[in-house]
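There are 2 protein chains.
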Amino acid sequence: MIGIFDSGLGGLTAVKEMIKLSPDEELIYFGDTGRVPYGNRSSATITKYACQDAAFLLSKKVDAIVVACGTVSTTSLSHLKKTLPIPVIGVVEPSAEAAVKATKNGRIAVIGTAATIRSGAFEREIKKLSPDSEVITQACPLFVPLVENGFVQEDCEITRLAAEHYLSKIRESGADTLILGCTHYPIIAGVISKVLPNVTLISSGAEAAKKALEVLGKKESGGCGSVSYYVSDDPTMFVSNASLFLGGEINGTVEKININEY
Amino acid sequence: MIGIFDSGLGGLTAVKEMIKLSPDEELIYFGDTGRVPYGNRSSATITKYACQDAAFLLSKKVDAIVVACGTVSTTSLSHLKKTLPIPVIGVVEPSAEAAVKATKNGRIAVIGTAATIRSGAFEREIKKLSPDSEVITQACPLFVPLVENGFVQEDCEITRLAAEHYLSKIRESGADTLILGCTHYPIIAGVISKVLPNVTLISSGAEAAKKALEVLGKKESGGCGSVSYYVSDDPTMFVSNASLFLGGEINGTVEKININEY
Chain A
1 MIGIFDSGLG GLTAVKEMIK LSPDEELIYF GDTGRVPYGN RSSATITKYA CQDAAFLLSK
61 KVDAIVVACG TVSTTSLSHL KKTLPIPVIG VVEPSAEAAV KATKNGRIAV IGTAATIRSG
121 AFEREIKKLS PDSEVITQAC PLFVPLVENG FVQEDCEITR LAAEHYLSKI RESGADTLIL
181 GCTHYPIIAG VISKVLPNVT LISSGAEAAK KALEVLGKKE SGGCGSVSYY VSDDPTMFVS
241 NASLFLGGEI NGTVEKININ EY
Chain B
1001 MIGIFDSGLG GLTAVKEMIK LSPDEELIYF GDTGRVPYGN RSSATITKYA CQDAAFLLSK
1061 KVDAIVVACG TVSTTSLSHL KKTLPIPVIG VVEPSAEAAV KATKNGRIAV IGTAATIRSG
1121 AFEREIKKLS PDSEVITQAC PLFVPLVENG FVQEDCEITR LAAEHYLSKI RESGADTLIL
1181 GCTHYPIIAG VISKVLPNVT LISSGAEAAK KALEVLGKKE SGGCGSVSYY VSDDPTMFVS
1241 NASLFLGGEI NGTVEKININ EY
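Keeping their order, the protein sequence lines are chains A and B.
Sequential numbering from 1 applies to the first sequence in my numbering.
Sequential numbering from 1001 applies to the second sequence in my numbering.
Bound conformation, chain A alone (with noise of 0.2 Å):
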């Protein structure tokens, strides 16, 4: 049993590769709904939040974790590595990876919260695995309340603006290759790829998920495959909002629980 948290919606991308990946896994996923967003908060409170949404899944006995959340795994992952006894999972080395993978210049740029770019995380990593790339990182603060608050569309002018005013220095340092290092970001990939044609964008929570299964091997099938979904706040909001992340309904029982109890 694998679980997944994120600060809310985000971490669902990383779900829905999970579920096209090893359709028979059984997943738990948290979203701190009640929270959210992490990003602009400060490291502390961010590994405050990160350490209860952990516990609450080990509570459930699940066997390893995925952070499928950009701000908890620039900021929190290596305490939630030493605290906790089982394999955690966070998004940045296998994006890392992916985007060293997919660069043909060696320019890679990394887009995520406040937070995230603030940690040097993903150009961290990037440098480790290749020391003469070059790193492009900008914080795009206003994307996650786009996408929460339905701005999607790919001729949306308000998120395109707000991707013009973001994306422009990327643009001009001719990275080939960008990671959209928070798992809200893959709902806008359309509007991004407008302002930024011909660039392999990299899904943070999508590959969280791979590397997941790399790590702990794809259930043999015949197992009976479900999602259990647990939030902080009302399920009703969650679940009217779930779709856009899933790609489909959701399939699964959504219960509130109170996070502060663990």
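The set of hints was computed from the structure by calculation and includes no laboratory data.
Idealized CB from N, CA, C, for every residue including glycine.
Just to be clear, a hint being listed does not mean it is correct.
Said to hold, decoys possible - Below are the DSS-like pairs computed for lysine-lysine, each with C-alpha atoms no more than 27 Å apart in a straight line: (1) A:Lys60 x B:Lys1048; (2) A:Lys256 x B:Lys1048; (3) B:Lys1128 x A:Lys48.
Said to hold, decoys possible - Chain A is nowhere near these chain B residues, computed Cβ spacing over 12 Å in every case: (4) Ala1055; (5) Ser1059; (6) Ile1086; (7) Asn1105; (8) Ser1130; (9) Pro1131; (10) Glu1154; (11) Asn1260.
As the list claims (entries may be wrong) - If you want the footprint, here are the derived chain A segments under chain B, 3+ residues with CB under 8 Å: (12) 157-164; (13) 233-245.
Starting from the known structure of chain A, arrange chain B on it as the hints suggest.
Just chain B now, kept in the frame of chain A:
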């Protein structure tokens, strides 16, 4: 001593007004920066957070509480009034009074967070004061993230487009008065006025501050006039953004507290 709270920074528009009107007052401010924003959360979660915020202020022995948050004022005020042993002043009643006084054609528009508009609280209060008024309401969930991420300049094209998106219905209605039902919104009053020229804007935070001083009586001059600020995340970010709301640097102490203890 007056306690003031908000989900984050917005309530500082009420602090600013209070310092202007009664510079000798002693104020305690709490901004729930570790859980901001409230506006997209469920009513149950908003009320739970609001009760903790009020309990913290009560522990500081304040004589009255100003709920300088449109979302809490419209979602949880009656609950707070019922359960707290001191006067509680929200933004709805004073803003509705000011709007009814200001309108010439009886058409009053209200903008706020999703939770505020869903509650219908402003509409009910305006109709109570002036049953023949026409009330036009619109949720503007992108305005808080825009303000918090600094997209506040009058010529900011992203904010102008968002304002155009949300406010065109209000422009078409012919409303001559607009309640800024969220205490963040006065920061982008310039952009709002460009989309809605010749419309009187009512700042809900400023109106609540005026009302509180009316109810409690202005302090006699000779008091020592101080503001103590408390937040639930790292004070650094709060301090660096507060000047936008206060119209000047913070003059007072800022301390981080654990709001889950209340």
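Checked hints:
1. About 26 Å separates the Cα atoms of A:Lys60 and B:Lys1048, which keeps this hinted pair within 27 Å; it holds.
2. Between A:Lys256 and B:Lys1048 the CA atoms are separated by roughly 14 Å; this keeps the pair inside 27 Å, and the hint holds.
3. Among the hinted pairs, B:Lys1128 with A:Lys48 is inconsistent with the structure: their alpha-carbon atoms are about 45 Å apart, more than 27 Å.
4. Listed as outside the interface, B:Ala1055 is consistent with that label: its C-beta sits roughly 15 Å from the nearest C-beta of chain A, beyond the 12 Å cut-off.
5. Residue-level check passed: B:Ser1059 sits 18 Å from the nearest beta carbon of chain A, beyond 12 Å.
6. Distance check for B:Ile1086 against chain A: the nearest CB is about 26 Å away, which clears 12 Å, and the non-interface claim stands.
7. Once the 12 Å rule is applied to beta carbons, B:Asn1105 is consistent with being away from chain A; the minimum gap is 31 Å.
8. Annotated as non-interface, B:Ser1130 keeps its C-beta farther than 12 Å from every C-beta of chain A; the closest such distance is 32 Å.
9. No beta-carbon of chain A is positioned within 12 Å of the beta-carbon of B:Pro1131; the least distance is around 33 Å.
10. Chain A leaves B:Glu1154 outside its interface by the beta-carbon criterion, the shortest separation being 16 Å against a cut-off of 12 Å.
11. Separation of B:Asn1260 from chain A is inadequate, the least Cβ-Cβ distance of about 5 Å not exceeding the 12 Å criterion.
12. For the region 157-164 of chain A, the assignment as covered by chain B holds, since 4 residues bring a beta-carbon within under 8 Å of that chain's beta-carbons and 3 suffice.
13. Restraint check on the region 233-245 of chain A versus chain B: 4 residues with Cβ-Cβ distances below 8 Å, three needed, restraint holds.
In terms of the numbered hints stated before, the structure departs from hints 3, 11, listed from lowest to highest.
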